[in-house]
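Protein chains: 2
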Amino acid sequence: MIYQRVALIGLGLIASSMFWAMKRRGVAGHVTGYARSAETRETARRIGLCDTVCDRLADAVRDADLVVLAVPVGAMEVVAREIAPHLKPGATLTDVGSVKQSVIDAVGPHVPEGVHFVPAHPMAGTEHSGPESGFATLFDNRWTLIVPEGADEDAVARLEAYWQALGANTERMDVAHHDLVCAVVSHIPHLIAYTMVGVADDLGRVSDQEVVKFSAAGFRDFTRIAASDPTMWRDVFLTNKEATIEILGRFTEELFALQRAIRQGDGDHLFDYFTRTRAIRRGIIEAGQDTDEPNFGRGKAAG
Amino acid sequence: MIYQRVALIGLGLIASSMFWAMKRRGVAGHVTGYARSAETRETARRIGLCDTVCDRLADAVRDADLVVLAVPVGAMEVVAREIAPHLKPGATLTDVGSVKQSVIDAVGPHVPEGVHFVPAHPMAGTEHSGPESGFATLFDNRWTLIVPEGADEDAVARLEAYWQALGANTERMDVAHHDLVCAVVSHIPHLIAYTMVGVADDLGRVSDQEVVKFSAAGFRDFTRIAASDPTMWRDVFLTNKEATIEILGRFTEELFALQRAIRQGDGDHLFDYFTRTRAIRRGIIEAGQDTDEPNFGRGKAAG
Numbered sequence: 029m030i031y032q033r034v035a036l037i038g039l040g041l042i043a044s045s046m047f048w049a050m051k052r053r054g055v056a057g058h059v060t061g062y063a064r065s066a067e068t069r070e071t072a073r074r075i076g077l078c079d080t081v082c083d084r085l086a087d088a089v090r091d092a093d094l095v096v097l098a099v100p101v102g103a104m105e106v107v108a109r110e111i112a113p114h115l116k117p118g119a120t121l122t123d124v125g126s127v128k129q130s131v132i133d134a135v136g137p138h139v140p141e142g143v144h145f146v147p148a149h150p151m152a153g154t155e156h157s158g159p160e161s162g163f164a165t166l167f168d169n170r171w172t173l174i175v176p177e178g179a180d181e182d183a184v185a186r187l188e189a190y191w192q193a194l195g196a197n198t199e200r201m202d203v204a205h206h207d208l209v210c211a212v213v214s215h216i217p218h219l220i221a222y223t224m225v226g227v228a229d230d231l232g233r234v235s236d237q238e239v240v241k242f243s244a245a246g247f248r249d250f251t252r253i254a255a256s257d258p259t260m261w262r263d264v265f266l267t268n269k270e271a272t273i274e275i276l277g278r279f280t281e282e283l284f285a286l287q288r289a290i291r292q293g294d295g296d297h298l299f300d301y302f303t304r305t306r307a308i309r310r311g312i313i314e315a316g317q318d319t320d321e322p323n324f325g326r327g328k329a330a331g
Numbered sequence: 029m030i031y032q033r034v035a036l037i038g039l040g041l042i043a044s045s046m047f048w049a050m051k052r053r054g055v056a057g058h059v060t061g062y063a064r065s066a067e068t069r070e071t072a073r074r075i076g077l078c079d080t081v082c083d084r085l086a087d088a089v090r091d092a093d094l095v096v097l098a099v100p101v102g103a104m105e106v107v108a109r110e111i112a113p114h115l116k117p118g119a120t121l122t123d124v125g126s127v128k129q130s131v132i133d134a135v136g137p138h139v140p141e142g143v144h145f146v147p148a149h150p151m152a153g154t155e156h157s158g159p160e161s162g163f164a165t166l167f168d169n170r171w172t173l174i175v176p177e178g179a180d181e182d183a184v185a186r187l188e189a190y191w192q193a194l195g196a197n198t199e200r201m202d203v204a205h206h207d208l209v210c211a212v213v214s215h216i217p218h219l220i221a222y223t224m225v226g227v228a229d230d231l232g233r234v235s236d237q238e239v240v241k242f243s244a245a246g247f248r249d250f251t252r253i254a255a256s257d258p259t260m261w262r263d264v265f266l267t268n269k270e271a272t273i274e275i276l277g278r279f280t281e282e283l284f285a286l287q288r289a290i291r292q293g294d295g296d297h298l299f300d301y302f303t304r305t306r307a308i309r310r311g312i313i314e315a316g317q318d319t320d321e322p323n324f325g326r327g328k329a330a331g
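Chain order of the listed sequences is U and S. Mapping of the first sequence onto the working numbering: residues 29 to 331, in sequence order. Mapping of the second sequence onto the working numbering: residues 29 to 331, in sequence order.
Pulled out of the complex, with its shape left as it was, chain U reads as follows:
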C-alpha cells in the first residue's frame, strides 16, 4: 500500500481508471471520490466506483494522504481554493491535467503550508469519457510525467511509486518542456483530428453519409481522438496556448511545403518525406506503444 487514504476529485475516465488500478493491486487503503454532478455521483455509487462517494468536496479530501485533482484544467483553481482549508498537513496534492504551467499557476497559490503539491500527467486515455469509461489497465506500460517543480523529494518519490503501482512508467520533466512535448504528441494531433473531421462534416459537395461509409480509407483513424471529451480539450487549448501555437506554426509550414510539392509535381520530395515517417512508426511499435497488427488489430473483418 502506497497511501492509506486517497481522494479522487472528478470521476471521469482517468479517476475511474485510477480507482480500478488501485483496487487491482491494493495500492490504497481507502478511496473517497467526489464529482460536482449528482448524476455522476449516483453512477459511481451504482457501479462501486470509490469506497465512499462524498456529496461535499471537503468531506472527500479530509484525512486524505493523497488528493488527486482529476477535473478539467479550467476547473482546477476553483476546486483548489475550495479544498485548501480541508487538506491534512503532510498530505500530497496532485493533478492529472494535460497542461502543467497553467495548473501550477492556478493551484499553486492555494496550496497550504505543509501540503506537498506534485503535478503529474498520465499520458494515456481513450476516446470515451465519464465515470463508466475507466478500466484497471489503462495505465499499463504507459508513461506518467511528474513535474516536481521543487516539491519535497520524499513526496515526489512516493507519487512515482504510486503511479508505478498503477502500472505506469514515470519520468520527471520540467514544466515548459512538458507543455511542449504534450503539444507535439497530444494537443496538436487532437486539434488536427478535430479539424479534419470538421472539414469533412462541413463540405457541401460530399455528404456526411459518404464520409461515414468510406471512412475506412483513412479518415476513421482521425475520428477516434476527435470524439474525446470537448470540455477537457477546450481547456487544454485555452491553457497551453503558447506551445500549441508554436507547434501549429511548424505544422502549417510543413503542410505548405508538401502542398507546394504537390502543386509543382515534385514527386521526389513527396516520396522522401513519406519514407522518413515510416521510421517513427517502427519506433513506436518497437517501444511497445502500439500494435503492429494491421489497422491496429481492429479485427480482420473490420479490415
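If you're looking for bench data, these hints aren't it; they were derived computationally from the structure. Warning: the hint list may mix true and false statements.
Identical copies look the same in the list; a pair holds intra-copy or inter-copy alike.
Listed below are the simulated SDA-like cross-link pairs for lysine to any residue, each with C-alpha atoms no more than 20 angstroms apart in a straight line [to be verified]:
no., residue 1, residue 2
1, 51, 289
2, 116, 58
3, 269, 280
4, 51, 105
5, 51, 158
6, 269, 288
7, 269, 294
8, 51, 307
9, 269, 297
10, 269, 281
11, 116, 182
12, 116, 91
Chain U is already provided as a structure; the job is to place chain S on it using the hints.
Just chain S, lined up with the frame of chain U:
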C-alpha cells in the same frame, strides 16, 4: 464463379488480398499474377500467392477474363500500353487505383476495341504493403467504388458481382465525385498524418525518443497511416492534385479559425467545434465502419 481466369498485375497488399478473398469463396477458376520485381514474384511463389506467377506481363494477361491493374497510379500507363496487344476480346480490364480521372486518362487510350475498361477502387487497406501483407477478409463490409464512365453494362454488373463476392459493398460514382470524396476521406487524412509525423520527427527541442515513448497520448493514431506505402501515396498526390489542393485549402481555413479561437481564448467556439465532431464518430461506429472498443480495441494492456 464470376470469372474463369483472372490476372493480377502488381502483387502488393490489394492484389494479394484479392487473391485470398477469391480463393475463400471460389470467385475465379484460375488466377495468374505478375510483379515487376523478381523478388516479389519469388515471394509470391513461395507463399502460394496466385495459381501461376508469370515472369512476363503478356503471359499473365493472355486468356484472362478479368485483368486487374494493381500497380501504383503512376505506373498504370506503362503497364496498360504493354498489355494492350495481349488482351482477350471481350475481357474486362479494371484497376484498383486510389485516383480515377488520372487512371482513366492514362489507361483509356490504350484499351483495345472489344475490351471493357471498368475503373474501380476498393476503399480498404492497412499500413502494411507487399505480397505478404494481404489477407482474405480485407474487403469484408468495406466499399468498392465503381466508376463505369460509359462502360458496357454487363461488364460493369459482372465486376460489381465480383467485388461483392470478395466481401465488399459496391457503389457507382462519377469520376470527379470519386476523386473529391477520396481526397476527403483518404488523401488529405494521409497527407496530414504524414505532416504531423514529419513535424514531430523534425523538432529539435523534442527528441524522437520522447515522441515515441509518449505517443499513446494521441500521436500514435497518426503514425499508422503515415506508415503506408510511399510510392503509392506519392502517385496519389501527383495525380489528384486539384481535389487535394481544394480540400487542403478548406482544411487550413478551418485550422486557422481554430488557431484564432485559441489565441483569442474563445472557449465557446472550441467547445462547440469539438462537440460537433463527436457525431461523425458515432455515425462511423453505427455504420459498422469502425469498432467502439476504446483505442480501437488495441487490447486493454495497450491502453
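Hint check:
{"no.": "1", "hint": "51 / 289", "verdict": "neither (54 angstroms within a copy, 41 angstroms between copies)"}
{"no.": "2", "hint": "116 / 58", "verdict": "within (15 angstroms within a copy, 78 angstroms between copies)"}
{"no.": "3", "hint": "269 / 280", "verdict": "both (16 angstroms within a copy, 18 angstroms between copies)"}
{"no.": "4", "hint": "51 / 105", "verdict": "neither (29 angstroms within a copy, 63 angstroms between copies)"}
{"no.": "5", "hint": "51 / 158", "verdict": "within (19 angstroms within a copy, 46 angstroms between copies)"}
{"no.": "6", "hint": "269 / 288", "verdict": "between (28 angstroms within a copy, 11 angstroms between copies)"}
{"no.": "7", "hint": "269 / 294", "verdict": "between (34 angstroms within a copy, 12 angstroms between copies)"}
{"no.": "8", "hint": "51 / 307", "verdict": "neither (38 angstroms within a copy, 34 angstroms between copies)"}
{"no.": "9", "hint": "269 / 297", "verdict": "between (32 angstroms within a copy, 15 angstroms between copies)"}
{"no.": "10", "hint": "269 / 281", "verdict": "both (18 angstroms within a copy, 19 angstroms between copies)"}
{"no.": "11", "hint": "116 / 182", "verdict": "within (17 angstroms within a copy, 80 angstroms between copies)"}
{"no.": "12", "hint": "116 / 91", "verdict": "within (6 angstroms within a copy, 85 angstroms between copies)"}
Figure legend: structure checked against the earlier numbered hints; hints not met, in rising order: 1, 4, 8.
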